[in-house]
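*Asks:* Residue numbers (this note's numbering), protein chains in the order written: chain L, 1 to 161; chain R, 1001 to 1161; chain P, 2001 to 2161; chain C, 3001 to 3161.
Watch out, some of these pointers could steer you wrong.
As the list claims (entries may be wrong) - Computed from the model, here is a short list of chain P residues facing chain C with C-beta under 10 Å:
| no. | residue |
| --- | --- |
| 1 | F2026 |
| 2 | A2027 |
| 3 | F2084 |
| 4 | I2125 |
| 5 | R2129 |
Read the hints as simulated data drawn from the structure, not as lab findings.
None of these values were measured; they are calculated from a predicted model.
For each residue, glycine too, the CB sits at the ideal point set by N, CA and C.
Protein chains: 4
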Amino acid sequence: MPLPNLPAADGPGAASRSVIPVRVRFAETDLMGIVHHSSYLLYFEEARVEYLARRGAVYLEWVARGMHFPVIDARCRYRTAARFYDLLEIETWIGEASRATVRFDYLARRGDDVVAEGWTLLACIDDARRPRRIPPEVLDQMLGPERQGVAPSIRPTTSSA
Amino acid sequence: MPLPNLPAADGPGAASRSVIPVRVRFAETDLMGIVHHSSYLLYFEEARVEYLARRGAVYLEWVARGMHFPVIDARCRYRTAARFYDLLEIETWIGEASRATVRFDYLARRGDDVVAEGWTLLACIDDARRPRRIPPEVLDQMLGPERQGVAPSIRPTTSSA
Amino acid sequence: MPLPNLPAADGPGAASRSVIPVRVRFAETDLMGIVHHSSYLLYFEEARVEYLARRGAVYLEWVARGMHFPVIDARCRYRTAARFYDLLEIETWIGEASRATVRFDYLARRGDDVVAEGWTLLACIDDARRPRRIPPEVLDQMLGPERQGVAPSIRPTTSSA
Amino acid sequence: MPLPNLPAADGPGAASRSVIPVRVRFAETDLMGIVHHSSYLLYFEEARVEYLARRGAVYLEWVARGMHFPVIDARCRYRTAARFYDLLEIETWIGEASRATVRFDYLARRGDDVVAEGWTLLACIDDARRPRRIPPEVLDQMLGPERQGVAPSIRPTTSSA
Chain L
1 MPLPNLPAAD
11 GPGAASRSVI
21 PVRVRFAETD
31 LMGIVHHSSY
41 LLYFEEARVE
51 YLARRGAVYL
61 EWVARGMHFP
71 VIDARCRYRT
81 AARFYDLLEI
91 ETWIGEASRA
101 TVRFDYLARR
111 GDDVVAEGWT
121 LLACIDDARR
131 PRRIPPEVLD
141 QMLGPERQGV
151 APSIRPTTSS
161 A
Chain R
1001 MPLPNLPAAD
1011 GPGAASRSVI
1021 PVRVRFAETD
1031 LMGIVHHSSY
1041 LLYFEEARVE
1051 YLARRGAVYL
1061 EWVARGMHFP
1071 VIDARCRYRT
1081 AARFYDLLEI
1091 ETWIGEASRA
1101 TVRFDYLARR
1111 GDDVVAEGWT
1121 LLACIDDARR
1131 PRRIPPEVLD
1141 QMLGPERQGV
1151 APSIRPTTSS
1161 A
Chain P
2001 MPLPNLPAAD
2011 GPGAASRSVI
2021 PVRVRFAETD
2031 LMGIVHHSSY
2041 LLYFEEARVE
2051 YLARRGAVYL
2061 EWVARGMHFP
2071 VIDARCRYRT
2081 AARFYDLLEI
2091 ETWIGEASRA
2101 TVRFDYLARR
2111 GDDVVAEGWT
2121 LLACIDDARR
2131 PRRIPPEVLD
2141 QMLGPERQGV
2151 APSIRPTTSS
2161 A
Chain C
3001 MPLPNLPAAD
3011 GPGAASRSVI
3021 PVRVRFAETD
3031 LMGIVHHSSY
3041 LLYFEEARVE
3051 YLARRGAVYL
3061 EWVARGMHFP
3071 VIDARCRYRT
3081 AARFYDLLEI
3091 ETWIGEASRA
3101 TVRFDYLARR
3111 GDDVVAEGWT
3121 LLACIDDARR
3131 PRRIPPEVLD
3141 QMLGPERQGV
3151 APSIRPTTSS
3161 A
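Next comes chain L alone, as it looks inside the complex (with noise of 0.2 Å):
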């Protein structure tokens, strides 16, 4: 699997994409007074885990299963600096996905601006560590839309609404 320099534009769950609120918080900046650029592999991963939740995939019910999907390879481009309180908003999408691979990638926007772009290669590995296949149903349940009521979540709203 040839990976991109940035996320696609397409692929196969370039029609199911979701948009997850992270607000910046304050441990979160450097002494440069900007988020520090580890802080976006954290925003990724609260992005991939409500993503998924939000198609009723639950990460714990894999484990039970003996399924886990660690990163595996990682890329980040940092285009404008967040600050902190910032409310970026991640769009989220399956950008390419194989037989035990998939790879999410991600836009973090700041209204119109695009603060960040990248995309986190994960392989599925059974308890011993070992490359296992992805279930067909779990990658249909990933590569799908978002279902109504599957959990609680986390949503911006207007304060003290």
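Based on these hints, arrange chains R, P and C on the given structure of chain L.
*Replies:* Below, chains R, P and C without anything else, positioned relative to chain L:
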């Protein structure tokens, strides 16, 4: 100002509490399979920032006025383990206030369980890091109720609603 | 066991202290230009791990014996700001020990300045997360002196020496 | 400047490498029992800072000259899991340099195993966040060999030596 071992049930801001949801991130767990104890200081900080935002207080405006609030003391007692993807609710209020310090108290709950409790003592300092008096209108705002529509915020809802 | 506000000058392990160097990372600073207050819990943990390693105690062996030491309470008082690339020395000792808990006390110094001081209370639990007695030989090891050549470790030296 | 998928075996700084030890912290692991993938960006940063310190380059002096080096792109490929208390060695060199950017390449080893490999691309900017040329003497210093006794540093030794 005497420092309590635990959050105060009363105190100047006890009548004006906020409850801020925080979803546990994967990265915030450790090899014991539970939330790492240092993560709670991040949750308390996120709750404090959101508590203030709901009252119209904007940290960056304070910075522009030469007013900073570093944490000068902190305590956290862990009552039970929290885990990945738990939705915690951080009940937050001001347990004590003096001329130049303010203490935020916190209860972290998961449903009916208290997961952790603690406080952070903040000092008001100027740009030269000297102690300064908290302006009365700032303290009033801190101690007051949540306001309507003061800032975008993140609230828990059901997914895909 | 009464919990002190600050590290104890005496205590069962006061005579057997270790000093562990920690270099402040860029990512551990925040937009105030100083070390974020949560970072000190990471420094205390690194110091505690190294304190134990210097006495031949190996955390993973304890895990294999079904013995875990989660932090159940923590306190940190910040005396002055630390900054990027500061070389801190974390003086570490056991300030209190009971049948099933042990409290590590810490002083974080930069040269002659005390930057922060605090303690963490650890509980001994079994694989089912029930309290268990700390085995006497484990406590003896914890309270004893540093040993020679027990494990590779990281020590400060001058660069490129 | 084309970006490689992996660290370059050659490049302008390939002859002047440094190896920086990093001990895995407990907090850097996750519930899979391995080092969280975001931690490697912290290790790479620590290695980069130490690489520069060994050549007499002091980040804060650069800041005083109005010269900053934010990360604008990053890649990390994970080859095998690292675990708590592993002693990693981060081999660090400059894989590419242009007028206003410099790319640091990294190999993270545990003994003979390559645990991870990656790079970070840094841009030179001024106080107004505009791109600026890297001064030739700064680039020379970056590309040059380690110097003797330029700064205190942290090096691995055997314990209690």
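*Asks:* Hints first: check each against the structure and report whether it holds.
*Replies:* Against the structure, the hints come out as follows:
no. : hint  : verdict
1   : F2026 : holds, 6 Å
2   : A2027 : holds, 5 Å
3   : F2084 : holds, 7 Å
4   : I2125 : violated, 16 Å
5   : R2129 : violated, 15 Å
Hints 4, 5 from the list above are not met by this structure, while the remaining hints are.
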